[in-house]
Amino acid sequence: MTSRVFNCHTTRPLRDAAADDRSSSTRAPFRGVKLAAGLALLLVPIAGAAERPYGWLVAGLVALALLVLASIIGRHVSWGWLLVLVATAGVVTPRGDLAVIGPALFVATAICLLLWLANVRSGGGKHGDGRPRPGSREREAQVLMGMYGERHVGEILARELPQEYVLINGLKLPRGAGDIDHLVVGPTGVFLLETKTMAGRIVCELDGSWRRTRIGRGGTPYAAYIGDPAAQVQRNIFAVRESLRTRLPGLFQRSPLWIEGLVVFAHPRTELQAGHSRVPAVRLEEAAPRISLHVPQRWLRDAEVDQVVEALLADAREGSVGAGLAAQSAQAVVEVALLLPVVLALLFGTIGLSRVIQAQTAVVAVAHEAARAGALGKSPEDARERMLQRVQLVAPGVGLDARRIELEYNVSMFRRDPARVIAVVRYPLDFRDLPLGGWIPPSAVRAEHAEWIDPFRSGIGLGVDDSP
Amino acid sequence: MMVRRSAAQALVWLTLTLPLLMSTAGLAIDGGLLLASRRELQSVADGAARAGATRLDKERLRGSAGADIQLDPALAEAAAREYVDERLGQQRVWVAPPTTQIGVSSRRVHVLIEASMSTAFLRVVHLDVVPVAASAFADVEFGIRDGGGG
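Line order of the protein sequences matches chains A and B. With my numbering as the guide, the letters of the first sequence map in order to residues 4 to 471. With my numbering as the guide, the letters of the second sequence map in order to residues 53 to 202.
If you're looking for bench data, these hints aren't it; they were derived computationally from the structure. Treat the hints with care, since some could be wrong.
Unchecked claim - Computed list of chain B residues with no C-beta within reach of chain A, every gap over 12 Å:
no., residue
1, Ala119
2, Pro125
3, Pro150
4, Thr152
5, Ser157
6, Ser158
7, Phe173
8, His178
9, Val182
10, Ser187
11, Phe189
Unchecked claim - Label-pair restraints from in silico Cβ distances:
no., chain 1, residue 1, chain 2, residue 2, range
12, A, Ala447, B, Gly115, 35 to 45 Å
13, B, Ser157, A, Asp433, 42 to 52 Å
14, A, Leu147, B, Leu79, 55 to 65 Å
15, B, Pro183, A, Gly352, 52 to 62 Å
16, B, Trp146, A, Gly355, 42 to 52 Å
17, A, Pro421, B, Pro71, 51 to 61 Å
18, A, Val346, B, Thr151, 39 to 49 Å
19, A, Leu350, B, Ser157, 44 to 54 Å
20, B, Ala185, A, Leu356, 50 to 60 Å
As the list claims (entries may be wrong) - Per the computed footprint, the stretches of chain A lying under chain B, defined by three or more beta-carbons under 8 Å from a beta-carbon of chain B, are:
no., region
21, 186–192
22, 354–360
23, 447–454
Every residue gets a Cβ at the ideal spot worked out from N, C-alpha and C, and that includes glycine.
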């Protein structure tokens, strides 16, 4: 019996583990409802304000309906398709007399988007490999059975292995394929055990594929999920080898360390035929003798056993931190990629609108200057010429391209009382240099200014010199 | 689990900052519209003041042989008002008809136009209407100025 046992599993009761599995399943509470409620509280006043007084009411009712829907049958609603539907309706539905639907569709789109994003990772579809759906009774029983089996195998190994052996349960290495159920390090080498607690007839075919058959209550055989335990063991062997090669390169010089893999079937009602497995598959009672009686190419000294154990435990500690950070980074990248268009649309929209306002202010100034220049003319022709020249002169100063300015002038009232000239300036806007700006239809800003002509100015003959 | 706890962090972040982003964009939009309206109104006030300043008191002008040049207050005010009414009628739709105050002294016309513009986004903070005002003076100038002028 060995007392050198390391448990890397979190010490949870079995029912908690099953509950954890359930929490990630389709039975889990639908995520994002509270967040959606907060979003609705923020967006309804903003969107509803555009169509008062009923915009708030309709947007609020729609948001409430969606939240109730999400709370009751959220897991069964395809939020992605609903999002597409609502967003499309928002684009194609003419406002007209039903202007209040605009805020409602806007709020609905935002809520659907959030609920879809919050739940898109939870899956919930059926597995194509016959594995029970997360949350199903079968899956729950499988998880409980698996954890029970791992614990049982750990106890048996600890009891039957000699004291020189070290047992590590639930080791998780970077680049590994999930947890390593059991790792045994001792004089006869390093052994990696994958535990399967599955009843039924389990066969490894010639091509290395695994098949499991169970007998139903009515005596009918049916196929049950098993996966490929040998492949899982091989991936973990690779992870252990890489870990040791990095931390203890000396072990791999001269006579390299050989890492043995074992698939251990712990269920008492397992009928095993695994002669073709790439990794030896044994029943539980065969595991400890196979390890202790193994004849390795290279024996490990006590000090080497300790080094291997320390190296693997250290790698597992550092890997758990790194994996968490990597997963967080990847998730953040995905979320930013999804949300960036919203932020950019706001940014470029604001830039585009700023251009419109700047151009509008500029054409008002140009029209003003043109009319004032025209009002100083000696004749309608002179007024026209002065206006054209003035436009060319002042346009660059207010940030406009003089070549693109369209000037219309009215000098027909040059000699009337009150005499005046009118300048109309039009300037086309171009948004093609902005992302998606090409979709904006051609538009222009326009300004008009009238300037009265001083009748007492000499030389223009407006009839004020009417001597008595 | 750390990853589980941090799920949808960007979504939470966006939810919190979206109102701020939209407020900024809204402020830019309403602020821009306010600036443009103010500029158009100023253009009208300038033109109206100058239009009023063209209406001299001809009797006084003739009586003094051109030495006493003053505005005809009634004509100047009427000209300025005519200009304002004509030009404002062509401009944007204001919340209420703009009010115009025209003051005429012997050599100066003062035009003050006050209007109200409805907001698009500032309604959220119950700022439905923003006042816009423009003021302009025009003085009577006479004689020959350096540079010849028109």
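Comparing the hints with the structure gives:
no.	hint	in the structure
1	Ala119	holds, 14 Å
2	Pro125	holds, 17 Å
3	Pro150	holds, 16 Å
4	Thr152	holds, 16 Å
5	Ser157	holds, 18 Å
6	Ser158	holds, 16 Å
7	Phe173	violated, 8 Å
8	His178	violated, 9 Å
9	Val182	holds, 15 Å
10	Ser187	holds, 16 Å
11	Phe189	holds, 16 Å
12	Ala447/A with Gly115/B: 35 to 45 Å	violated, 52 Å
13	Ser157/B with Asp433/A: 42 to 52 Å	holds, 47 Å
14	Leu147/A with Leu79/B: 55 to 65 Å	holds, 57 Å
15	Pro183/B with Gly352/A: 52 to 62 Å	violated, 27 Å
16	Trp146/B with Gly355/A: 42 to 52 Å	violated, 25 Å
17	Pro421/A with Pro71/B: 51 to 61 Å	holds, 52 Å
18	Val346/A with Thr151/B: 39 to 49 Å	holds, 42 Å
19	Leu350/A with Ser157/B: 44 to 54 Å	holds, 51 Å
20	Ala185/B with Leu356/A: 50 to 60 Å	violated, 24 Å
21	186–192	violated (count 0)
22	354–360	holds (count 4)
23	447–454	holds (count 5)
The structure does not agree with the numbered hints 7, 8, 12, 15, 16, 20, 21 stated previously, though it agrees with the rest.
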